[in-house]
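These protein sequence lines are chains A and B, in that order.
Using numbering that gives the first Met the number 0, you'd call the opening residue of the first sequence number 0 and step up by one each time.
Using numbering that gives the first Met the number 0, you'd call the opening residue of the second sequence number 0 and step up by one each time.
By construction, these hints were calculated from the structure, which means they are not laboratory data.
Backbone N, C-alpha and C define an ideal beta-carbon position, used for all residues, glycine too.
It cannot be assumed that every hint is accurate.
DSSO-like cross-link-like pairs, simulated, lysine-lysine; straight-line CA separation at most 30 Å [unchecked claim]: (1) A:144 to A:4; (2) B:237 to B:152; (3) A:137 to A:4; (4) A:46 to B:157; (5) B:237 to A:166; (6) A:72 to A:4; (7) A:4 to A:141; (8) A:166 to B:91; (9) A:68 to A:144.
Now the stretches of chain A that chain B is said to cover, found in silico as 3 or more residues with beta-carbon under 8 Å [what the hints assert, rightly or not]: (10) 29–38; (11) 157–169.
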Amino acid sequence: MPVFKFTRFQIAVHIGSLIPLSLLLWDYFADNLTVNPIQDITFRTGKAALVLLVLSLACTPLNTVFGFKPALKVRRALGLYAFLYVCLHFLTFVGLDYGFDLGLIYEAIFEKRYALVGFAAFLILLSLAITSTQGWMKRLGKNWKRLHRLVYLAGLLAVVHYVWLVKSDIREPLTYGAVVGLLLVARIPVFKKGVMKFRGGLIKRLEAEKRIA
Amino acid sequence: MIRIPSSEITPEHVYLSRREFLKQMGIVTAGSLLLSACGAKPTASPQADAGEAATGLADELGDPATSYEAITNYNNYYEFSTDKESVAPLSKDFQTSPWTVEVGGLVNNPKTYDIDDLRQNFDQEERIYRLRCVEAWSMVIPWTGFPLAKLLKEVDPKPEAKYVRFETLYDPEQMPGQNAGWYVWPYAEGLRLDEAMNDLAILATGLYGKDLMPQNGAPLRLAVPWKYGFKSIKAIVKIDLVEERPVSLWMAAAPREYGFYSNVNPEVDHPRWSQATERRIGELGRRPTLMFNGYEEEVAYLYEGMDPFADVPANS
Numbered sequence: 000m001p002v003f004k005f006t007r008f009q010i011a012v013h014i015g016s017l018i019p020l021s022l023l024l025w026d027y028f029a030d031n032l033t034v035n036p037i038q039d040i041t042f043r044t045g046k047a048a049l050v051l052l053v054l055s056l057a058c059t060p061l062n063t064v065f066g067f068k069p070a071l072k073v074r075r076a077l078g079l080y081a082f083l084y085v086c087l088h089f090l091t092f093v094g095l096d097y098g099f100d101l102g103l104i105y106e107a108i109f110e111k112r113y114a115l116v117g118f119a120a121f122l123i124l125l126s127l128a129i130t131s132t133q134g135w136m137k138r139l140g141k142n143w144k145r146l147h148r149l150v151y152l153a154g155l156l157a158v159v160h161y162v163w164l165v166k167s168d169i170r171e172p173l174t175y176g177a178v179v180g181l182l183l184v185a186r187i188p189v190f191k192k193g194v195m196k197f198r199g200g201l202i203k204r205l206e207a208e209k210r211i212a
Numbered sequence: 000m001i002r003i004p005s006s007e008i009t010p011e012h013v014y015l016s017r018r019e020f021l022k023q024m025g026i027v028t029a030g031s032l033l034l035s036a037c038g039a040k041p042t043a044s045p046q047a048d049a050g051e052a053a054t055g056l057a058d059e060l061g062d063p064a065t066s067y068e069a070i071t072n073y074n075n076y077y078e079f080s081t082d083k084e085s086v087a088p089l090s091k092d093f094q095t096s097p098w099t100v101e102v103g104g105l106v107n108n109p110k111t112y113d114i115d116d117l118r119q120n121f122d123q124e125e126r127i128y129r130l131r132c133v134e135a136w137s138m139v140i141p142w143t144g145f146p147l148a149k150l151l152k153e154v155d156p157k158p159e160a161k162y163v164r165f166e167t168l169y170d171p172e173q174m175p176g177q178n179a180g181w182y183v184w185p186y187a188e189g190l191r192l193d194e195a196m197n198d199l200a201i202l203a204t205g206l207y208g209k210d211l212m213p214q215n216g217a218p219l220r221l222a223v224p225w226k227y228g229f230k231s232i233k234a235i236v237k238i239d240l241v242e243e244r245p246v247s248l249w250m251a252a253a254p255r256e257y258g259f260y261s262n263v264n265p266e267v268d269h270p271r272w273s274q275a276t277e278r279r280i281g282e283l284g285r286r287p288t289l290m291f292n293g294y295e296e297e298v299a300y301l302y303e304g305m306d307p308f309a310d311v312p313a314n315s
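Use the sequences and the hints to build the structure in full.
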């Protein structure tokens with residue numbers, strides 16, 4: 000019988016990822032979704048998706064820069080939770096908002112650049128979610144990594160989607176953009192090697208100091 | 000432009016109370032969220048339902064007035080907050096008395112009015128208007144107020160006066176949003192003089208028969224229903240007749256997106272989103288947006304021989 004063993008950190012990540020959904024359901028049942036509930040649901044699921052996507056992008060740098068290994072164990076879960084919220088966000092848009100009216104949806108997606116970039120991000124995340132299993136990792140081999148690098152593109156598209164939506168004060172979406180940019184920089188090989196070298200040196204020095212003490 | 004009968008523009012599924020709307024949504028969300036054990040939905044409290052019951056008020060197209068609760072708790076009022084739901088709590092202590100409105104500029108009888116004079120000297124009428132926000136949501140609001148034309152006639156514009164410029168109170172202590180350097184405060188708006196003289200343009204002092212709440216622009220605001228909501232400036236302290244076209248706060252903030260006229264037009268999209276449809280607060284789904292927000296008959300003459308949507312690249 001398989002025994003699922005989760006670390007406390009993993010459990011915290013799962014619980015944390017479900018908090019936005021729980022709050023959304025709570026507010027729905029408490030009749031607390033503002034007088035424009037569709038917009039509220041759209042904003043909240045979109046925000047949760049973006050935050051979780053950024054967190055999943057942060058996992059690898061958390062390991063390479065800070066040596067925080069547990070982050071690698073939750074990277075996929077965070078990405079999939081982000082995709083869950085993206086699906087809810089998209090379903091809200093096509094179903095609740097546009098009542099599955101294909102004509103209107105087509106017009107909204109292909110004539111408005113904000114919706115188009117959002118849709119592109121959705122398609123990217125869809126393909127990444129489908130290929131997130133061990134089986135697909137094996138099947139795709141080296142290409143899996145290449146394909147999954149697209150997650151950065153999805154992150155940038157999501158930020159652009161957000162920037163193009165707000166009426167004028169774009170400080171908040173730009174903050175997300177800066178974070179995604181930083182995380183992207185952290186993956187550039189030169190930078191990554193530099194950090195790892197620095198960290199390696201630091202660890203050696205600390206160990207040496209320990210020995211002396 | 001063909002005038003669409005109201006029976007055609009209102010899909011049958013939209014006549015839902017908010018409670019029913021949430022119930023209907025429950026079917027969709029429960030399905031899409033794959034909820035199995037969320038328990039029974041609490042039944043609606045009778046009080047809440049009574050509060051949301053139809054008031055019998057409706058616009059001339061037969062659409063019911065939006066609930067007082069919604070109108071007073073969902074506000075775009077950046078002087079207080081960019082979050083619509085935070086405006087009501089943040090504005091609750093806003094001082095609306097004493098309050099004076101300075102009417103001047105190119106007029107023969109400039110005058111500073113006390114707000115009480117405006118309430119008493121001008122017959123207050125009820126006007127049930129649609130309000131279409133540029134963000135593509137809308138409400139039906141039973142305003143109380145008086146035609147702007149009556150006030151303008153009293154101050155007697157000079158022949159060279161071509162435009163009316165309105166200004167909101169500037170008081171960053173009371174209106175913390177005015178500390179945001181993002182915009183050129185105070186909020187300003189403008190109308191062409193003939194637009195301002197149109198009978199539909201009113202200065203509102205109340206809604207639902209009560210005095211305006213601070214979040215709705217107390218004590219005095221403009222209501223120009225054929226234009227996007229941001230034209231209907233709130234908490235007015237100054238009205239000037241001028242020769243040059245005024246620059247509104249939104250024109251200054253985003254000239255490519257917001258023009259002077261800003262007439263509602265489903266065929267002219269905002270540069271970043273469609274204006275073809277709107278979400279009526281309290282309804283599920285979307286409804287088509289009407290030319291001039293449904294007031295084409297009353298206002299189209301103002302724009303004859305000109306393209307009232309062409310003064311900026313889009314969305315004017």
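We went through each hint and held it up to the structure:
Using a Cα cut-off of 30 Å, the hinted pair residue 144 of chain A and residue 4 of chain A holds, with the two alpha carbons roughly 26 Å apart. Restraint check for residue 237 of chain B and residue 152 of chain B: satisfied, since their Cα atoms lie roughly 16 Å apart, inside the 30 Å limit. A distance of roughly 23 Å separates the Cα atoms of residue 137 of chain A and residue 4 of chain A; the hinted pair therefore holds under the 30 Å criterion. For the given pair, residue 46 of chain A sits about 53 Å from residue 157 of chain B by alpha-carbon distance, which is inconsistent with the 30 Å threshold.
For a cut-off of 30 Å, the pair hint linking residue 237 of chain B to residue 166 of chain A stands: about 26 Å separates their Cα positions. The suggested pairing of residue 72 of chain A with residue 4 of chain A holds, with an alpha-carbon distance near 12 Å, which does not exceed 30 Å. Among the hinted pairs, residue 4 of chain A with residue 141 of chain A is consistent with the structure: their alpha-carbon atoms are about 29 Å apart, no more than 30 Å. Distance hint between residue 166 of chain A and residue 91 of chain B is fulfilled; the C-alpha atoms sit about 25 Å from each other, no more than 30 Å.
For the proposed pair residue 68 of chain A and residue 144 of chain A, the alpha carbon gap of about 19 Å is at most 30 Å, so the pair holds. Against chain B, the segment 29–38 of chain A contributes 8 residues with a C-beta closer than 8 Å to a partner C-beta. That satisfies the three-residue criterion, and the hint holds. Check on the segment 157–169 of chain A: 5 of its residues sit with their Cβ under 8 Å from a Cβ of chain B, so the three-residue criterion for coverage holds.
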